[in-house]
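Asker: Okay, here's what each chain looks like letter by letter:
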Amino acid sequence: MDAVDPNSFSGPSADPSAGALSGDGVSGDGVTEQRVVHLRGAVALLGRFPALAGVDLDINRRRIVLLRGPNGAGKTTLLRTLAGLVHVSEGEAVVLGVDLLTDRRSVRQRVGLLAHTTGLYDELTVADNVSFWSRAARADRSDVDAAMARLGLDGRLRTVPVGRLSAGQRRRTSLACLIARRPELWLLDEPHAGLDQEGRDLVDQLLREATDAGATVILSSHELDRSLQLADEVVTLSGGVATRDS
Amino acid sequence: MIHDAFLVAGKDLRLEWRSRVALNQVAPFALLVLVLFAFALDPDRGLLEKATPGLYWVAVLFSGLLALQRSFSIESADGNRDALRLSGLDPAGIFLGKVMAVGVQLLALEILLGIGVAVLYTTPITGWILLLVTAMVATVAIAAAGTLYGVVAAGLRVRETLLPLLLLPVLAPVLIGSTRAFEAALGGTPSEGWPWVGLMGVIAVLYIVAGVFGFGPLMEES
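Each protein sequence line maps, in turn, to chains U and G. For any residue, its number in the numbering used here is found by taking its place in the first sequence, counting from 1, and adding 104. For any residue, its number in the numbering used here is found by taking its place in the second sequence, counting from 1, and adding 8.
If you're looking for bench data, these hints aren't it; they were derived computationally from the structure. Small disclaimer: the values here were computed from a predicted structure and weren't measured. A hint or two may mislead.
With beta-carbon atoms standing in for the labels, derived distance ranges [what the hints assert, rightly or not]:
#1 U/Leu205 to G/Ile10: 27 to 35 Å
#2 G/Leu40 to U/Gly272: 41 to 49 Å
#3 G/Gln33 to U/Gly151: 33 to 41 Å
#4 G/Pro181 to U/Gly272: 50 to 58 Å
#5 G/Val210 to U/Ala297: 38 to 46 Å
Listed next, the stretches of chain U that the computed footprint assigns to chain G, with coverage defined by at least 3 CB atoms under 8 Å from CB atoms of chain G [stated by the list, open to error]:
#6 221–227
#7 238–244
Every beta carbon over 12 Å from chain U, so not counted as near; a handful from chain G, in silico [to be verified]:
#8 Asn88
#9 Val178
#10 Gly206
Don't be surprised by glycine CBs; every beta carbon is placed ideally from N, CA and C.
Same shape as in the complex, but just chain G (with noise of 0.2 Å):
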């Protein structure tokens, strides 16, 4: 299962690296949004700085959206997604290495968008490790839903539209915590942003769990 998984998630990045989808389409739209936001929010500086944590979840969530839609586009092309059926690889070790490239696209756009918000919303940071560790499971909490619900969306001709009204609703607790958590290192006080951490935690891991189990099945009826 291991080595599937890092099989799998070495080709999606190996894929991403020569086809350059995140770097060219889903970094500038996640920059973007940055820059509406604060061009919307700009008369009030206060009110900004408040929305920030809010705001860089719900850019990461969308941008993150277009990255899962990518990583099943790419199986429904020119029969992969039989071609992955017959490999004999292990459907819980593709769907680990899935959740490790998406992850691994997440956490490179949340950097990105961590340097926008400083530059942009110049907000203070108190809690450099509770912010790290926010983005460690909130981004392994959103690759492991999104993956999980993305194979469901995969086989269908509305995939592109029904993944997001799939996934958001369910990403809901992760976004309220990662952002109460983000409230609590950027200016607030840090302890109180653990038990939201814990809460993502305990997410993360049942969608990895569910995942492990639950997408060979799904990828069969898909």
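Pulled out of the complex, with its shape left as it was, chain U reads as follows (with noise of 0.2 Å):
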């Protein structure tokens, strides 16, 4: 397994235990040490309607992928699916070495989801959400002030409450939840919507840190110029059924 940089913060953190799979590098699943996400004719439900209609997917480790494809294709419910929050109802599926048929919750705390939602507290502060989310997943103190200062939330913003916030802003508070937890597995539902041309650097920027300290990216954009150079490989979602672009 690859190294993992302790000291930078969007890396994974370093539990000995996080994705552990069998010592050969191949789990009793078939899925290698390398591989993060293994999906094999992945049937999601929303109410009756297939989200996912037999998705075929396997992702490596450190690797930024864009899912790419129109409204309604099911890259949300994708995201979320390999988040925990949504039942696989049928086919293979395993992310982080853990089979979601079995345990999703095992897997949510490893995961790091940026919605289209906030998932923030308005009348809380800024300080107050990212500390309350960090501690929430044990994350240490200098973590939760090293991001807060990385996404420019350490000035007079730390005082105010989120419900006064930009879009802009709230989706800085957002991510600085999400990289103090140190994910393995980044998951983002359009990450650049909302933020100004020095925000969607910022968050290009954190991406390729994450991947350089070991963590796996996988977002979701319409913003197919910048994401597109961002990403390593491009899997194109249609009608519940993904495709790996060449």
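Two independent chains are provided; combine them into the complex using the hints.
Answerer: Okay, structure coming up:
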């Protein structure tokens, strides 16, 4: 397994049990040690509608993978499925060595999901929000401060209630919550949305640092020019089915 | 679990402190209920004194419903529910934290209502210890049952109307027990109130145990 830089706060936490697969690099599920995501014929239903209709997808560690596709293609559902929030009803689904069909909860602590919603409490300040979500994930105090400083939230914004922030500042706060917990797998739904140019550049930089430090990134975006430059691989989703672009 | 419980309780109480919903909406509502009861029964002073324990706990229950709904509405906003599920917090810890936060708010409300009852209803107190223990045990029972049923209703669009429908019937034994114990403490024989406190204690323990084990699956499904 590649070395993880413990000094980079955007890298995954150095939990020795995290991502543990069998010693020869191949798990009982036939998932290699480098493989972070393994889906075979994965079906996820939203009500009766198959939002994922038999997805086959393998993603290796330290890659940045762009999910693209039209609205309603299943990008958000795929990200939520990989985060352990959506039940996989058929097929195989293994994320970070955890079988999602039998145990969705244990993968959640090891992934970071940046969704369309912020997951923030409007009445609490920026510092309160980042501190709460980071302490919930057992993040170090130093990681919390570093994450806020990195996202430009360490000045007067610290004490501003989130409800009074602009959309871009809220996005930055959500990103600070995410990077403070050092996830092994970053799942980002339109990460550039609502951010100014500087913020978008910062996101790209954070993602590169995260993969350098050993994490894996899967993002969906409609900003194809920017995201194609960033991504190592591109996966197109259409009608709940994934196709890897060459 | 304990770490998570204190973390969630601290967050909920900080949210309440900043938003002042309980202070600005729930407390005035509770006092208004007491005043309306006083006006309604004022011509018959004897009846008012006799009905004080029941009126007090009905006011606590109605006001507590608002606090419970608030406890879950803050988790319904802007993806907070998913964030909680992804946070790594122990569901049992989340449950206990919410029970603690609601319990603290209910106790504050009960003190306020107690002052209101003393001023408006002038009821004599003969059993202070029974009164205090009843308030504590009933508060835990209401907070635990309310939090458990609150998570069931939380994911539904009709949660504001569903929660009272689900909760009030199951809290009927707590309402009866607390009223009887208060009757014993307010001008009655205190020793007659302790069996009711025991009953409420059993109910509180049952809901705490059910919440510790059931809150996680309920949070997943709702």
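Asker: A separate judgement is required for each hint: does it hold in the structure or not?
Answerer: Status of the hints after comparison with the structure:
Taken as a hint, the range 27 to 35 Å holds for the pair U/Leu205 and G/Ile10, whose Cβ atoms sit roughly 32 Å apart. Look at G/Leu40 against U/Gly272: about 43 Å separates their beta carbons, and that is inside 41 to 49 Å. In this structure the supplied range 33 to 41 Å holds for G/Gln33 paired with U/Gly151, their Cβ-Cβ distance being about 36 Å. Our hint of 50 to 58 Å for G/Pro181 and U/Gly272 holds, since their Cβ atoms are close to 52 Å apart.
Between G/Val210 and U/Ala297 the CB atoms are about 52 Å apart, so this pair departs from the stated range of 38 to 46 Å. Using a Cβ-Cβ cut-off of 8 Å, 7 residues of the segment 221–227 of chain U lie near chain G, which meets the minimum of three, so the contact claim holds. Counting residues of the segment 238–244 of chain U whose beta-carbon sits less than 8 Å from any beta-carbon of chain G gives 4, enough to reach three: the coverage restraint holds. Its closest Cβ contact with chain U, about 6 Å, brings G/Asn88 to no more than 12 Å, contrary to its assignment away from the interface.
With a closest Cβ-Cβ approach of about 28 Å to chain U, G/Val178 is found to remain outside the 12 Å limit, as its non-interface label requires. Once the 12 Å rule is applied to beta carbons, G/Gly206 is consistent with being away from chain U; the minimum gap is 37 Å.
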